[in-house]
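Position chain B relative to chain A; hints supplied.
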Amino acid sequence: MSELAAIFFGMALVNNMVLSKFLGLCPFFGVSKNLKSAFSMGVAVLLVMFVASAVTWPLFHVLLVPYGAGYMRTVIFILVIASLVQIIEMTIKRTNLTLYNALGIYLPLITTNCAVLGITFINIDSAYTFPQSIAAALGAGLGFTLVLVIMSGIRERLDLADTPKAFRGAPIAFITAMFLGLAFLAFGGMVG
Amino acid sequence: MSVQTILAVALLTLVGLIAGIAIFVVNRLLPKEDESLQKASEIKEYLPGADCGACGHPGCFAYAQAAAKDSEVVVKTPCRLLAKDKEGTKRLGEYLGFDIDTTQIGQKAVVHCTGDSPVIGAYSGITTCGAAVQVGGGFKECPYACLGFGDCAAVCPADAITIDAVRQVAVVDWEKCIGCGMCVKTCPRSLIELIPADMPQYLGCNYLAAKDVAQRKKCSVGCIHCRLCVKASEHDEVTWNDEKDLPFFDPEKKMVAAAAIEKCPRSIILKTPAFPEGIDTVAEAAPTQEKEQATG
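Keeping their order, the protein sequence lines are chains A and B. The first sequence begins at 1 in my numbering and counts up one residue at a time. The second sequence begins at 1001 in my numbering and counts up one residue at a time.
The shape of chain A in the complex, shown without the other chains (with noise of 0.2 Å):
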């Protein structure tokens, strides 16, 4: 139990998505204006990252390690998970109107979200079991949405300062992501 706490707590903050592995970097930016969209597409990647990650790893050691395919898992992992986002999009459309507005519209934006695909990747080349890729897809999850929901607080109130012209927009929005991987380094050694 331990054991997937510390991958868990590892994947969130030490080994954290954005911030040290350089993955989902395109809604880090585009996706973080506002702190109400940051925090439903983090949520929206934590769900399709679960759902992946318990569907890809039973799909790699039942299906594809047997047959001496390990070498199509990129091929075999985007297709499954472009279907899987499909139905869950498809499900939320039809059952919760009201969640879609929230989350739906983000989905789409998710299907070829390399933190998603990258999540399942880390968990079969660090040989998780299944319930620690689980414990890993929720910890990587919850680091995105932490990270995106820190960055857009951080986005709403730079809007509002004095910043010089020349930094305004994208600029100053590199900088405090730059100080914010060096705050998540210090997390670096605590676990895993």
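No wet-lab data here; the hints were simulated from the structure. Any given hint might turn out to be false.
With a Cα cut of at most 35 Å, we get these calculated DSBU-like pairs of lysine-lysine [claimed, not checked]:
#1 A/LYS36 - B/LYS1076
#2 B/LYS1039 - A/LYS93
#3 B/LYS1039 - A/LYS165
#4 B/LYS1176 - B/LYS1044
#5 B/LYS1032 - B/LYS1090
#6 B/LYS1271 - B/LYS1254
#7 B/LYS1044 - A/LYS36
On a predicted model such as this, the values are computed, not experimentally measured, just so you know.
For chain B alone, coordinates are given in the frame of chain A:
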């Protein structure tokens, strides 16, 4: 072909097939898409898709969803951006099954200030009007002067507002203005107003008598309430608004007040692009006839 290749092709086909079947099954099992949602996505095709939020709904799709439930929405809270495009409005009306009167929704923003009020002290805080008015009631002599930081320009979805750098005042480009009223809500000094797109003139001052501490004299372009405009108008083109203590142009009548524009000692009755051409002098102005020309 080696076994490995066949295996790879077979695996990929298998996974693809399973994924496809899964989507098909889920599609069949789930309840049918909400009908209003279907209609909403059709309505969205007619909307500009700028997601400006001027209609009061969060984005075009939310507006379409509201319109799908109750088609009266497009008249009650019209899409200002669409109103500019008469053909598009007509097509949306045809789709919903009734006529949308575009003339009713044509409104434009005007700024009731021409700048030039002297600055009373240097302000070096946050560069937004909203912040500047918090500090000692603004840094300009006149408590109603435009502060020129462009809060209005920032929210304008059509980029119709620019800041005149010399006079530090917001200027609305009527060609681009979609009359959404975002600037009206944003301006902390309530200087911006929506007027009918065929109003021929407006007043470039918003000095309310309530705060009159002889400051009008400190602004070289402030209304000095001499009422020469009222006296100059033979057909009541200009009346006096006692509440605001400012001249008033009736938005119902939309009369051309050429004589008043001529007479104003501060030259702050400003012509809009709707002002009929060829009227310059008092002699030429014939308000009762021009009224029809202006509205028609």
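Regarding the pair B/LYS1039 and A/LYS165, is the alpha-carbon distance no greater than 35 Å?
Distance ~45 Å between B/LYS1039 and A/LYS165 Cα, so the pair is violated.
Hinted pair B/LYS1039 and A/LYS93, Cα distance within 35 Å
14 Å, holds
Does the structure keep B/LYS1044 and A/LYS36 at a Cα separation of 35 Å or less?
23 Å, holds
What's the verdict on B/LYS1176 and B/LYS1044, does the C-alpha distance respect the 35 Å limit or exceed it?
23 Å, holds
CA of A/LYS36 to CA of B/LYS1076, is that 35 Å or under?
28 Å, holds
Proposed proximity, B/LYS1090 with B/LYS1032 (alpha carbon, max 35 Å)
31 Å, holds
Take the C-alpha atoms of B/LYS1271 and B/LYS1254, compute the straight-line distance between them, and say whether it is at most 35 Å.
Between B/LYS1271 and B/LYS1254 the Cα gap is close to 12 Å, so the pair holds against 35 Å.
Taken one by one, the earlier hints fail for this structure only at number 3.
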